[in-house]
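Asker: These are the residues of each chain, in order.
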Amino acid sequence: MIINHPLLGPRDSSEFTYLGDASLIDRPDWQAENAAEAFYEYGYLRDNPAGKHQELWFHEAGDRSWLVVTRDTTTHEISKVELARDLARARGRSK
Amino acid sequence: MHDLVAITALGGSEPQVDTVGGVTCREVPAVALASVASRMGQEASASKALAKLIGAPTPDVGQHAGETITAFWAGPDQWMIEAPFETHEDLADQVKSAMGDTASVTEQTDGWTRFDLNGDQIPAVLELLCMLDLRKFDAGCVARCSIHHVGCFVLCRSPESCSVYGPRSSAGSLHHAIVAAMRSAL
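These protein sequence lines are chains A and B, in that order.
All residue numbers for the first sequence refer to my numbering, where the first residue is 1 and numbers rise by one.
All residue numbers for the second sequence refer to my numbering, where the first residue is 1 and numbers rise by one.
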């Protein structure tokens, strides 16, 4: 499997490690009223669709950037690779 | 006072040199290193300060630049700085005063060991060691990759000269990998 790194171009998947669902980017506000419930959902509940899936991958043997890879779980086709940093900032995160 | 003798990463008093065929692998201990990471919102001014420090445009993705003090790309808004140890023993301090509050600087000297490959058949050796696309790996290129499961930086200085940086604690393994590849390929 080849992951087309947005900065470095196509790299073999053996250079990467997988973390999990990209929803981990959306960490709840720990000071919110419903923090306990939000963190329960954040920690344990995942959508598991057959089809397009957004995943966090770490380029461990490369530039060590975090990527959000959009992969079809039925065909393994990778349709999109973005820097997790860019995606998080686009969603309004400051860090 | 202790009377300590400096040894190289491979444990010798002199840097180790291995020649196989037309390629020479040379241990290079006399390098000072520091890493630079731009602080959030300061990326543009950090890049400008770095260009001033190395006297060349700040290296873009997968590139290196500079003469005495060189910088090579390590990640988004991050670089490694290398300079001769003899004249830049306090490199991290020098880089920090050049970068000011635009970036965080970390001393890296002795965290890494460097092997220089010289000769006209370097691609034959590198293609056994790492998965880089060597057809696109010209002078000025740098890439981080795995060599025998050791995370390394490979710098192409000219078609006949490359440097490999690996963790100092894995110097022996990395040296073995390079020399074994040289013996196989040449």
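Everything labelled a hint here was simulated from the structure, so no lab data went into it.
Please note: incorrect hints may appear among the correct ones.
Unchecked claim - From chain B, some residues computed to sit far from chain A (all C-beta separations above 12 Å):
| id | residue |
| --- | --- |
| 1 | Leu10 |
| 2 | Ala44 |
| 3 | Ala74 |
| 4 | Gly75 |
| 5 | Asp77 |
| 6 | Asn118 |
| 7 | Ser146 |
| 8 | His149 |
Claimed, not checked - Per label pair, the in silico range of CB-to-CB distance:
| id | chain 1 | residue 1 | chain 2 | residue 2 | range |
| --- | --- | --- | --- | --- | --- |
| 9 | B | Gly111 | A | Asp12 | 22 to 32 Å |
| 10 | B | Arg39 | A | Arg46 | 44 to 54 Å |
| 11 | A | Thr17 | B | Leu4 | 58 to 68 Å |
Stated by the list, open to error - Take a look, some chain A residues computed to stay more than 10 Å from chain B by CB distance:
| id | residue |
| --- | --- |
| 12 | Glu15 |
| 13 | Tyr18 |
| 14 | Asp21 |
| 15 | Leu45 |
| 16 | Gly51 |
| 17 | Asp63 |
Computed from a prediction, not measured in an experiment: that's the story for all the values here.
Heads up, the beta-carbon is just placed ideally off N, CA and C, and yes, glycines get one too.
Asker: For each hint, tell me whether it holds in the structure or not.
Answerer: Against the structure, the hints come out as follows:
1. Leu10: holds (23 Å)
2. Ala44: The assertion about B/Ala44 holds, with a minimum of 16 Å to chain A.
3. Ala74: violated (7 Å)
4. Gly75: With a cut-off of 12 Å, B/Gly75 comes too close to chain A, as the shortest Cβ separation is near 4 Å.
5. Asp77: violated (9 Å)
6. Asn118: Since the minimum Cβ distance to chain A is about 25 Å, B/Asn118 lies beyond 12 Å and the statement holds.
7. Ser146: Label violated. Min Cβ-Cβ 4 Å, cutoff 12 Å.
8. His149: For B/His149, whose nearest Cβ neighbour in chain A is about 8 Å away, the distance does not exceed 12 Å, so it is violated.
9. B/Gly111 x A/Asp12: 22 to 32 Å: With a Cβ separation near 26 Å, B/Gly111 and A/Asp12 satisfy 22 to 32 Å, so the hint holds.
10. B/Arg39 x A/Arg46: 44 to 54 Å: violated (34 Å)
11. A/Thr17 x B/Leu4: 58 to 68 Å: Cβ of A/Thr17 to Cβ of B/Leu4: about 40 Å, so the range 58 to 68 Å is violated.
12. Glu15: The claim breaks: A/Glu15 does not keep its Cβ more than 10 Å from every Cβ of chain B (closest is about 7 Å).
13. Tyr18: holds (16 Å)
14. Asp21: A/Asp21 is indeed farther than 10 Å from all Cβ atoms of chain B, at 23 Å.
15. Leu45: Holds, since 31 Å exceeds 10 Å.
16. Gly51: holds (30 Å)
17. Asp63: Not fine: 4 Å to the nearest Cβ puts A/Asp63 too close to chain B.
Violation of the numbered hints given earlier is confined to hints 3, 4, 5, 7, 8, 10, 11, 12, 17; the remaining hints are satisfied by the structure.
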